[in-house]
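Number of protein chains: 6
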Amino acid sequence: MSQLRALISAAIDEDLGHGDLTTDATIDGSATGRGEVLAKQDLVVCGHEAAAAVFEEVCRRVGGQVDYQPLIADAESVSASTVIGTVSGSLRSIVIGERVALNLLMKLSGIATHTRRYVDAAGDSGLGVVDTRKTTPGLRALEKYAVRCGGGRNHRHALFDGVMVKDNHITAVGSLTEAVARARGAAHHLVRVEVEVRTLQELDEALATSADVILLDNMDDTMLAAAVAKARAARSVLLEASGNITPERIAAIRDLGLDYASAGGLIHQAVWADLSLKLRQVDR
Amino acid sequence: MSQLRALISAAIDEDLGHGDLTTDATIDGSATGRGEVLAKQDLVVCGHEAAAAVFEEVCRRVGGQVDYQPLIADAESVSASTVIGTVSGSLRSIVIGERVALNLLMKLSGIATHTRRYVDAAGDSGLGVVDTRKTTPGLRALEKYAVRCGGGRNHRHALFDGVMVKDNHITAVGSLTEAVARARGAAHHLVRVEVEVRTLQELDEALATSADVILLDNMDDTMLAAAVAKARAARSVLLEASGNITPERIAAIRDLGLDYASAGGLIHQAVWADLSLKLRQVDR
Amino acid sequence: MSQLRALISAAIDEDLGHGDLTTDATIDGSATGRGEVLAKQDLVVCGHEAAAAVFEEVCRRVGGQVDYQPLIADAESVSASTVIGTVSGSLRSIVIGERVALNLLMKLSGIATHTRRYVDAAGDSGLGVVDTRKTTPGLRALEKYAVRCGGGRNHRHALFDGVMVKDNHITAVGSLTEAVARARGAAHHLVRVEVEVRTLQELDEALATSADVILLDNMDDTMLAAAVAKARAARSVLLEASGNITPERIAAIRDLGLDYASAGGLIHQAVWADLSLKLRQVDR
Amino acid sequence: MSQLRALISAAIDEDLGHGDLTTDATIDGSATGRGEVLAKQDLVVCGHEAAAAVFEEVCRRVGGQVDYQPLIADAESVSASTVIGTVSGSLRSIVIGERVALNLLMKLSGIATHTRRYVDAAGDSGLGVVDTRKTTPGLRALEKYAVRCGGGRNHRHALFDGVMVKDNHITAVGSLTEAVARARGAAHHLVRVEVEVRTLQELDEALATSADVILLDNMDDTMLAAAVAKARAARSVLLEASGNITPERIAAIRDLGLDYASAGGLIHQAVWADLSLKLRQVDR
Amino acid sequence: MSQLRALISAAIDEDLGHGDLTTDATIDGSATGRGEVLAKQDLVVCGHEAAAAVFEEVCRRVGGQVDYQPLIADAESVSASTVIGTVSGSLRSIVIGERVALNLLMKLSGIATHTRRYVDAAGDSGLGVVDTRKTTPGLRALEKYAVRCGGGRNHRHALFDGVMVKDNHITAVGSLTEAVARARGAAHHLVRVEVEVRTLQELDEALATSADVILLDNMDDTMLAAAVAKARAARSVLLEASGNITPERIAAIRDLGLDYASAGGLIHQAVWADLSLKLRQVDR
Amino acid sequence: MSQLRALISAAIDEDLGHGDLTTDATIDGSATGRGEVLAKQDLVVCGHEAAAAVFEEVCRRVGGQVDYQPLIADAESVSASTVIGTVSGSLRSIVIGERVALNLLMKLSGIATHTRRYVDAAGDSGLGVVDTRKTTPGLRALEKYAVRCGGGRNHRHALFDGVMVKDNHITAVGSLTEAVARARGAAHHLVRVEVEVRTLQELDEALATSADVILLDNMDDTMLAAAVAKARAARSVLLEASGNITPERIAAIRDLGLDYASAGGLIHQAVWADLSLKLRQVDR
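Protein chains in written order, with the working numbering: chain A, 1 to 284; chain B, 285 to 568; chain C, 569 to 852; chain D, 853 to 1136; chain E, 1137 to 1420; chain F, 1421 to 1704.
Keep in mind that the hints were calculated from the coordinates and are not lab data.
Among the clues, some could well be false.
[Said to hold, decoys possible] In silico BS3-like pairs for lysine-lysine, Cα to Cα no more than 25 Å straight-line:
hint, chain 1, residue 1, chain 2, residue 2
1, F, Lys-1460, F, Lys-1698
2, D, Lys-1082, C, Lys-846
3, F, Lys-1698, E, Lys-1176
4, E, Lys-1414, F, Lys-1698
5, E, Lys-1302, E, Lys-1366
6, C, Lys-608, C, Lys-846
7, D, Lys-1018, D, Lys-1082
8, A, Lys-166, A, Lys-230
9, D, Lys-1018, C, Lys-608
10, E, Lys-1302, F, Lys-1586
11, F, Lys-1698, E, Lys-1302
12, A, Lys-40, B, Lys-450
13, B, Lys-562, A, Lys-278
14, D, Lys-892, C, Lys-734
15, A, Lys-278, A, Lys-40
16, A, Lys-166, B, Lys-562
[To be verified] FRET-style restraints, in silico, Cβ to Cβ:
hint, chain 1, residue 1, chain 2, residue 2, range
17, E, Lys-1366, C, Gly-631, 33 to 41 Å
18, B, Leu-322, F, Arg-1704, 35 to 43 Å
19, C, Asp-851, B, Arg-568, 29 to 37 Å
[Unchecked claim] Chain F residues, not near chain B, derived (Cβ > 10 Å throughout):
hint, residue
20, Leu-1436
21, His-1438
22, Ser-1595
23, Asp-1675
24, Arg-1704
This one's a predicted model, so the numbers in the text were calculated from it and none came from an experiment.
The beta carbon of each residue, even a glycine, is placed where N, CA and C say it ideally should be.
Construct the entire structure; sequences and hints are all you get.
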């Protein structure tokens, strides 16, 4: 992941600062060991690259060598008690890096595991489950990767790689049609334009623009069905539903003919998965 | 918060990058507006300073002035539909900063709200509810602040401001007694030494050291009670319970005479609270 | 411009470092002055925001206040001898910032001026003149802004906000069809997919994919005309020509029915425009 | 080059950001390849170290190993169609790094090639061709290196490593003599003092100071000749001409007895040289 | 040392900047050599890790390999003329890194050597000699490490890892008792609370609080003795003396029964120790 | 000072980190106060700008406003008990910034005070007292400024703004004459070339080169006198003595006719001057 190292370095600054009072005092720099990363619940694995980068950065700072080896690849499901990876080498660096590495593995596996529920609800319907920009500040690339590991798809990454005309933009411009025209006129030709609608009337207006994607926001199932029918009759366009998208809701709307359902909850309603690092061998 | 600005700057780099394709095209730099931050569920408020810093940094980058005003202070409980703050000024900067500001407010209010459940369970028993180092990499100071807003207390911030002798350190040294002695010998005289025990036998050993705090890890209620009794009979020491600490568990152990119960779940089992920003006025 | 300040700060580190030996010795910190930024050739103006940011950053470092005022807006054409902006305030900061501010104004106005030649050649034909990723490392956002000031349009900003399947990707995958399918499958639904073709045969293959845009690379005028005819007959698709695109070439192909012609030369064949800063008043 | 890595890292942030949508989707992480860097015009080679650093940094971020090998050394002249270097290893990293590496090679070879024209015009006259501080913000060290590769010499690097008393300083102080005295008094004894003059009268004043170097600015050939004669008759001093210095002008003044002619145009009138990277072998 | 690399990188930016004019011109990149780091006075060695990091960072920037080998470990005493380390490899990198490496070794060995005088004065009395926060901005971790090498102990690292209620805090709150109570209430349970007193009356007040450590500030020997007696009679508490603590003063108070004497002078009254780097072999 | 803010920010990171445990708990954010910076010994004042920058940065992080006012200007001598500056405003920010501000004032005033002794020894002899590159890593610009406040002059700032051919360079090249020629050939024409000699024989060789400055290193008074005589008889050249330069030595050699005597001890033999900040008023 291109920008992973800067994040990891900041995380280790945060946790290690000028030194680990306990480990520096108790664990000799020459001691070595081997540990296992253990799933303590059923989960979808995610975060091996980040965990490995943590131990690499810790070694760069406090010395020693640590080898992190994934045993179960990212995006695989495992049941509780599975060893998903091993770590061996400098005992001091293993113990210093343990918490940050686990924090990342637990958070990301939690998102992957939670996303899988939405994806399973969509099944083979062809409905794509996508995330949003509701992500933890600083961790977006990692969290969006976790969504992919859970079987979800990503929406645009940020404000700079896709056009999304929302109600605030329409209010500011005064007209949906004009807002879409301005956005299309300014954006380069490799980004698509999406526009948010909340009623069938707005949908009609959106269909008359050059918008490539229409976001059907906060519609109930009945209105969603009507919107899909209307849009499909009108022209070729991608249709995305949003608002209160849960696994249960996905099961309800999966066969309406939508292209995507987007849910911030893939990420912000996910709690961490339970993982631990157990030392299995120590050579002091 | 001392290091808030660097985090906010990174978050805006992440979301805004070289520019907001939609807003730059649709909202004029001279337009102004006023919006409200609305609680969409019952929650404990947290994050106003971070939200204000987001709009300040956005203005520093894209121009204009935005005034963010808290209406309900951090750490206050509100019911759904309460307006907790307002934002007014440059419409472009409001719309560009909205997502990052809300991401912080929602995440932090979620932690404060979740923590409040644990704290309410402890009631007036005197049992302190404390967090752990299981925090989102890069956001620890903010998350620990949210715990305080929820009524919880913080444990040590990081590896550098407290000594915690855990099983891995004991294994590395070969003896709990020796590990505590080494840690005490190396640490400066304004930090206390905590040691983790899992059995009453280990507790006996810990009580014979100079440890200031003993962590009773993963004991059931019966063993916890026995441990408290044994320790209180032996000497003055702070006692902390950890392992599977939930609001329900806290209710069960609150009167055992423990000083602290620590729970990573204050943070990692908290989902985001639901908040939105509604534009109430636009002058274009 | 969102990320302008970091660039300006690096530029001033580079030129000012620990101090300006000459100015610190000769110009008193309390002296003030007023200067004019003068066009020394016909040019299209570009770079006022960058110039203002230079003087702001210099003042942040060495003290004083400087007010930079544009007189002719970015994207306007002016003839030689026109004063395009004024700068007044701390004489020391004006003299220290002069070179970096002019370097940016000269470089950016040079690109805007050069781009205008391509755009004028396209006239009202509807052919969009677009840039490429051949930009000076570190200055892409500014250079792409200069292209817009010259009347050109931007292509994708970078590798992360658009899909462009080029010959190397096709070689790596083994098939154009498969490469487009993989890229479309992986990209989020707000980016379009462009694919590069060099022959009419490849064009046929590209037209059978879901590619949104086809890049007709290095074709002569005759082949370009044939390609446009073939594509327009086949399906709705955006067509872009590239390879040796000069103002003269644009004049030759402007009416072929292409959507875009992309030219790295907008930026990399532009020399700096000639501008200078003349002090008109000094109060010492 | 001491500070090259920070520049390269910023350049890759700019182009790669959170990831290459196309390459990540189409090129497997284990694929390898070999490519050639090809001169598409006659040029003076410059930029191998920068190009190698690009591929190294890309690998640090996305994994894999790439070996960049120069075939023709920096500062050598080659004719069109010469292979000046090769790159082999991880195909993904080669394709991701290609654009930034070429952008640097093309820009720097362009400067070296352009500078060579001025240097050739000076021939064996002993007149040194030197650059100025008119450089692209952020790239000064590289551009000044390119000037050396073209056979030119560098002037001072920045405001901090040489004293140059210009008209603005003289205006601020009120007298050339006093300005030189102040600057000499403040500067450390390993930097020389240069002063700018525009008339023979100013030259007389400058010759009466302790200035080590006199810049004869914007004089025509006749006045230049007179200035050289006057100065040589007066005392030992270095003489530099500036203002409208082109290869043609250098040919005209090369034998006047000047020490240096300085030209911003070495850098800001140079367009990029044409180079491309061709994959010659792919193992997928 | 966890954060050493950032400091070293800044130090090399400061000294090397865009390049070493002399070394680049005179020493070939392929030349190698071997040098010795020589103590030119009796001293306590300190700084090998920092010195090694300097040469590593120089090589990362200008190429080549350098091997730095300590011969006498940090914290050892040596007499003048002892070789304490060797450096071998790229001659260019050795010469470029020499000054920064020596600056660190000389400064840190100076502190270790100076601290040793205080520690020797305390002898086997059990009185701990501790430092303060009076450290060179940016070098605290290194300077506190040097204190440890000299046999001293560290006080809290900074404002964030210990509570120290000083006169200004007491003045701000209005009462020592209340100030201690507030600080104890806010601090996490792994930090201790220290409070400063200047009279026996204040000591009485402090003894009645929960303060873990009492700082006896600026008391003369007689008052110190009285204070120790009073405190020992009252309760278990750590006692620290501060104010004009010199080696001579330590000899005078070492047997009073204090736990610690803190002295900013360990660091700020230490001058650099004399060390030099002598090239013993050059292969050009 | 151009690069002061980055240093101050790092210093506050180091001391304040995520927060001041004591001050946050005891001093209300709305309390205000006024304090005085008091000289506790005779000293030469230095560091007001740095101190002011500390309080500004603290306020940027923790809020509030602080006004720092110098009463006695940098470079002035004061006797003990003089108030050299005042600070007023947010009490919390004053107390948090106090230590870092004083650390800078004490260190810099210490250097200025120590330097004054050397300068006084030189008196009106015309011998310039100059510093060296033996400076604290990261603080060079500040320390060299302190030398100027003490009446000393600066030598080159770093490796990049002056040529100094030392014994290692000569050894590497094999000949003093050749080393000087190479360095002169490579350096730009605004830097001078200095060469180090240790014997009269080497001086002869140096005088035959184009070196602008000759460093007479480690010569005793007799040899220094002979060297000056020989050099003055030969040609115009700047002469600098180095090696064991103390105030006493300066008194001994001040009238030999040297231009400069350089002493690392101006900085590395200076201990901190004694200053304190006393709160004179508190409004809580």
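Do the hints match the structure? See the list:
1. F:Lys-1460 - F:Lys-1698: holds (11 Å)
2. D:Lys-1082 - C:Lys-846: It is violated: about 29 Å lies between the C-alpha atoms, which goes past 25 Å.
3. F:Lys-1698 - E:Lys-1176: violated (42 Å)
4. E:Lys-1414 - F:Lys-1698: The given pair, whose Cα atoms are some 48 Å apart, is violated under the 25 Å limit.
5. E:Lys-1302 - E:Lys-1366: The hint holds at about 21 Å.
6. C:Lys-608 - C:Lys-846: Roughly 11 Å between the alpha carbons, so the hint for Lys-608 (chain C) and Lys-846 (chain C) holds.
7. D:Lys-1018 - D:Lys-1082: Given that 25 Å is the threshold and the Cα spacing comes to 21 Å, the pair holds.
8. A:Lys-166 - A:Lys-230: Between Lys-166 (chain A) and Lys-230 (chain A) the Cα gap is close to 21 Å, so the pair holds against 25 Å.
9. D:Lys-1018 - C:Lys-608: holds (19 Å)
10. E:Lys-1302 - F:Lys-1586: Given that 25 Å is the threshold and the Cα spacing comes to 51 Å, the pair is violated.
11. F:Lys-1698 - E:Lys-1302: holds (12 Å)
12. A:Lys-40 - B:Lys-450: holds (19 Å)
13. B:Lys-562 - A:Lys-278: Roughly 48 Å between the alpha carbons, so the hint for Lys-562 (chain B) and Lys-278 (chain A) is violated.
14. D:Lys-892 - C:Lys-734: The given pair, whose Cα atoms are some 19 Å apart, holds under the 25 Å limit.
15. A:Lys-278 - A:Lys-40: holds (11 Å)
16. A:Lys-166 - B:Lys-562: Given that 25 Å is the threshold and the Cα spacing comes to 12 Å, the pair holds.
17. E:Lys-1366 - C:Gly-631: 33 to 41 Å: violated (53 Å)
18. B:Leu-322 - F:Arg-1704: 35 to 43 Å: The hinted range 35 to 43 Å holds for Leu-322 (chain B) and Arg-1704 (chain F), with Cβ atoms some 36 Å apart.
19. C:Asp-851 - B:Arg-568: 29 to 37 Å: At roughly 42 Å between Cβ atoms, Arg-568 (chain B) and Asp-851 (chain C) fall outside 29 to 37 Å, so the hint is violated.
20. Leu-1436: violated (5 Å)
21. His-1438: violated (5 Å)
22. Ser-1595: Holds, because the least Cβ-Cβ distance between Ser-1595 (chain F) and chain B comes to about 52 Å, which exceeds 10 Å.
23. Asp-1675: Non-interface label stands for Asp-1675 (chain F): nearest chain B Cβ at 54 Å, farther than 10 Å.
24. Arg-1704: holds (21 Å)
Going down the numbered hints, you'll see the structure goes against 2, 3, 4, 10, 13, 17, 19, 20 and 21, while the others check out.
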